[in-house]
Amino acid sequence: MAEQDPGCLHGKKQLPAFTWEVRANDRNYHKQFKKRFAFCLSKQKYAGNAIKTAKYNVFTFLPLNLYEQFHRMANIYFVFVILLQTFPAISTLPWYSLLFPLSCLLIIRGVRDLIDDIGRHQSDRNINNRPCEILCGKSFRRQKWCDICVGDIVRLRKDSLVPADMLLLCSSEPSSLCYVETSDIDGETNLKFRQALLVTHQELVREESMAAFDGTVTCEEPNSRMHSFTGTLSWRGQTYPLDSERILLRGCRLRNTDLCYGLVLYAGFDTKIMRNCGKIKRKKTKLDHMMDRLVIIIFVVLLVTSLCLAIASGFWAKMFQEKHSYLSAFYKHTTPAQQAFFNFWSFTILLSIIIPTSMYIMFEFIYLVNSCFINWDLEMYYTAKDIPAQARSTSLNDQLGQIEYIFSDKTGTLTQNVMSFKKCCVNGTIYGNFWCKQVCRDSRGSGVTWSHHVQQKSDVCDVTLLEAAQRDHDPVLREFLRLLALCHTVMVEEKGDQLVYQAASPDEEALVLAARNLGYVFLARTQDTITISELGKKRVYRVLAMLDFNSDRKRMSVLVRDPQGTIRLYTKGADTVILERLQSRGPNETFTERALDRFAEETLRTLCLASKEVTEAEYGDWSRRHREASILLQGRAQELDKLYEEMEQNLQLLGATAIEDKLQDGVPETIQLLKLGNIKVWVLTGDKQETAVNIGYACKLLTDDMEILEEKEISEILEAHWVSNNSSSGNGEAQSSSCLSQQRPKASQHKKRAIIISGDFLDKILHTGEVLKEKRRLWQRLPCCRAVGSEQQGRLVEKAFVDLATSCQAVICCRVTPKQKALMVQLVKKHKNAITLAIGDGANDVNMIKTADIGVGISGLEGTQAVQCSDYALGQFSYLQRLLFIHGRWAYLRICKFLRYFFYKTFAGLMAQVWFAFHNGFTAQPLYEGWFLALYNIFYTTYPVLSMGLLEQDVSAKKSLEFPELYVVGQQDELFNYRIFSITLLHGVSTSLTSFYIAFWAFKDRVGSKAVGDYESFAVTVATSALLSVLMQIILDTKFWTVLSFTMVAASLLLFCLFSFLTQSIDAFRIAPAIFCFPDASRNALTDPYILLVVLLSLVVNTIPSLTIHLYHTTTGETTIQQKIRLKAKQAPEPSVELRAHVSRGSFHRRSSYAFSHQEGYAGLITRGDSLRAGAARPGLLHPEMQSSALWSPPSPSL
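At the far end of the sequence shown sits residue 1405, using the numbering used here, and the numbering has no gaps.
Keep in mind the hints are simulated off the structure, nothing from the lab. Some hints here could point you the wrong way.
Unchecked claim - Calculated lysine to aspartate or glutamate pairs in the EDC-like style (CA-CA distance at most 20 angstroms, straight line):
id : residue 1 : residue 2
1  : K744      : E685
2  : K918      : D1009
3  : K489      : E570
4  : K485      : D322
5  : K970      : E917
6  : K818      : E852
7  : K490      : D1179
8  : K886      : D1009
9  : K492      : E274
10 : K886      : E1168
11 : K364      : E339
12 : K1035     : D1009
13 : K886      : E875
14 : K1005     : D966
15 : K1038     : E1004
16 : K1210     : D1294
17 : K1164     : D583
18 : K886      : D1179
19 : K251      : D353
20 : K261      : E274
21 : K344      : E414
22 : K1165     : D583
23 : K743      : E673
24 : K1036     : D1179
25 : K1036     : D1009
26 : K490      : E570
With these hints in hand, go ahead and build the complete structure from the sequences.
Structural data, given as structure tokens:
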């Protein structure tokens, strides 16, 4: 029987009662379990592996899409009016006159939703149809991802994606190690290792043994916790503990491992990554929500107006019948009350065109064209990867001009996922300005023997450093480069004539590549040797010990014996820990410290290198104690740390390196611009805290004058806030939230602040204040707290945390899961009612992108999942400048002006129907010709307003970027709100009153020279006055004139004349007198000079108020936006943003590269030999076609 695992659990030990039970190779067992999910319906407890992210299918599209569309109040309003028009007794317009435009609107939106959902269906099919190998019977068969079930055993090959959450059973690597890349889960591109249980590694060596495997895994129910797993494996009477180190998560990619086998534990939507993916939600802009409320308000006003006019019509009918009793025969079938009732509905239908369907159709057209402007913007075209900007959603453009918070991923969004060896300081000399390609060619031309290992992608090297390395005169430089080639945990594999390095962290790889390109090439590794090529000479070093890295030590060392027999210790790590362990400090050490400060000023990640020679006696004594400490059962880690500390003393400094975690182009400048635009940027990343902080400084999100609040300080502030809030609970939340900024010492109250927290700390905050529970058990100690429910406690703590975070200039959340990213976005939306934007490039950002008001996907290195779920797709983070400050601000300006003037022209032209009712006995007789009512909002006034919605600009694109402060207008809803709507309503009402009563006054006194004093001429006069007044107002308020703008205004006038001629011709009247009932009305009226003077008078009276307001603003000094810009442009220009932190010498702000991105444990794998491949592969694990080619292993040269 196989040797029992050290962690084997015996029967007496109490195990947690988990309810998720998975039996290997037993599909029938899992199919028998059901779970209830709605009413009496049930479904399989163990989900299949097929996923479905699409919203509709063939049967649900029509009802579900209509259900969603009728969440818009305007659509409900239009249906209500159409239903009223089906009753002939009250109908004033044919019912199909509204049904047709409403149908067009619903079809346009439905087709748009259908196209989006077809894309999701295609994506689902591509994922579900990915190939995989499933154990069926006694052999593996090629099937699809969607065929995988819980309990199946799946075989994975190198570079393949993991299709489900699986327990690693064994792999082709030594000790069944498995290397995975988790960039789609946490954004990290460095490799992580997983290792199978010893028992499955030893027993499951052939397909027959896997087919006979009948182990049972008992574990936790499916959940969204990405970094934790607890369970047990029961097999052959023994129980073995399982944790996250044994689990392969869906979405990981297999790296540096030829084959591995896994038992499926969670499939499909039960997997952790799918549990972290939010549902697709229909996003509505702030203006959409406001329009829904305005529709309700207008409809209520319309009903009240109709009711008042109907009541007045009843009283008027009663008075008329009493006064003219001789006409009683005409009223014998109706009473005044009945007449009032019918008039109420007639007025409702007549005034219903105040909210025209054409406005919503124009809405969609404006959104579409503005989206095309984004797609066509060549300034947002990423030529390096041939990626244009793409507006995947066409209904959110205006909200791009109202963003208050941006939530950004780090890896692949702010950075390029590339570490570059930039500078170094060796023996008092700084080498920098590194460049590669031409130097590498020159080195090959000079006959350098190591050049065949150089890859063109590397970033090295400086000519001066290369020449110094070739001369080999400086022993310190020689030891410096030798350390880079020896002191690491990188694995190497040779493919053709190229060496391929697999590193645990990207900066490890950057250092080894730098040494290789300078002539010190890492060639091979065995359990106890490292082979390198030094300037073309192969040398083998015997590894005596590897002193592993951990987050407390912040360094790693390797103890080696060189070919001459000398024992040397090579150490690299954070400058703070290396400098204090030096034997002495001289001029070189002082110069190196100044160089470190200089590197830190350039936001490079620094690393110190040191070494020392160890005597045989010293090593012998230390080695004996090291072996004794290595076998301790208790306190092993502490004893080993003491021994490592003892060995790593009296070091000699060799130099320092500076690595650049390359930001994407323009990231610092973009973040600076966003700050000036009053937009706060929060970084939410799955990466380590130190790495995220370093990037925060590099991209100018964090500055050295900021006070950094970490978890301890945040706990104290929230605790103090809780005490003060409960002691003054009657004063309201406004006072409590304002106290947060006063919880710090007075000296720091006026400093800029930033918050840096982890995902674990965030969990504690969001679970009803666990941070405060841990501090002082405040919930139990404070009497007022005991009366507060847990839900309210949680809400108060949430709000306090959000208030604190939003009062800071920057927030960085590290080690957060995809679900936590979405939760942070949801908290800000919930407690601040702010417009949010989320931007990311990987699958781990999908939930955040779906939750935010605007989701932006970066077409990066981590696949296209983020882009597929986004509203907008960009090639670079820096393109946010143009997306928000140009396209977003313009779209908001255009939509707001469009709404203002559409409402204005509607009220100005159609409210005259109400005034006419006071003079026609309160009957619902229309004032205007029916064709004028039908065409007013389609042809006569739509085009100038449409031009404004498509092309209006207040300033140019260049000025929009130069003055990001202009963006604040959208954040504060200054261009369209309830106050602006009220002013627009009053303006429209005043225009309609002026147009109606000036014409009424003129027609009441006398008739024209052609005796045109009839109702038809009166209607034409009012209509013409209102139309020209509306056009003049639009002309006065248009800031950006183009040929199209002039054309639109001219087209409106020409169409008015054309349709008036056609619909009022004598011939048309003869054909259909009931339809064309205004014969020659316009020609008779508008050829009369008297009526033309009346129209001109109305136009002047309606225009004077606008001109007066403009004059008032000019004379009282209220400057316009353009005047503010010109005033600011005369001032001294602001200095351009530089990638420089200006850290003073000796500053504590130096940031180490190595200690921030490496992981503990790789040195142990190497020294045990677990990570090194044997000469022959495990025979049963290779696929038949691979049996002939053994895995490559480096030779083991003798000393």
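So, going through the hints one by one against the coordinates:
1. K744 x E685: holds, 16 angstroms
2. K918 x D1009: holds, 17 angstroms
3. K489 x E570: holds, 15 angstroms
4. K485 x D322: Since the Cα atoms of K485 and D322 sit roughly 15 angstroms apart, the hinted pair holds (cutoff 20 angstroms).
5. K970 x E917: holds, 11 angstroms
6. K818 x E852: Distance of about 13 angstroms is within 20 angstroms: holds.
7. K490 x D1179: holds, 16 angstroms
8. K886 x D1009: With a Cα-Cα distance of about 13 angstroms, the restraint between K886 and D1009 holds, given a limit of 20 angstroms.
9. K492 x E274: holds, 17 angstroms
10. K886 x E1168: Satisfied, since the Cα-Cα distance of roughly 18 angstroms is no more than 20 angstroms.
11. K364 x E339: holds, 13 angstroms
12. K1035 x D1009: Cα-Cα ~12 angstroms, so holds.
13. K886 x E875: This hinted pair holds, its Cα atoms lying about 14 angstroms apart.
14. K1005 x D966: holds, 18 angstroms
15. K1038 x E1004: holds, 11 angstroms
16. K1210 x D1294: Holds, because 16 angstroms separates the two Cα atoms, which is no more than 20 angstroms.
17. K1164 x D583: Given that 20 angstroms is the threshold and the Cα spacing comes to 14 angstroms, the pair holds.
18. K886 x D1179: holds, 18 angstroms
19. K251 x D353: The given pair, whose Cα atoms are some 16 angstroms apart, holds under the 20 angstroms limit.
20. K261 x E274: holds, 11 angstroms
21. K344 x E414: holds, 6 angstroms
22. K1165 x D583: holds, 17 angstroms
23. K743 x E673: This hinted pair holds, its Cα atoms lying about 17 angstroms apart.
24. K1036 x D1179: Holds, at roughly 18 angstroms.
25. K1036 x D1009: holds, 12 angstroms
26. K490 x E570: Within the cut-off at roughly 13 angstroms; holds.
When the structure is compared with the earlier hints, no violation turns up for any of them.
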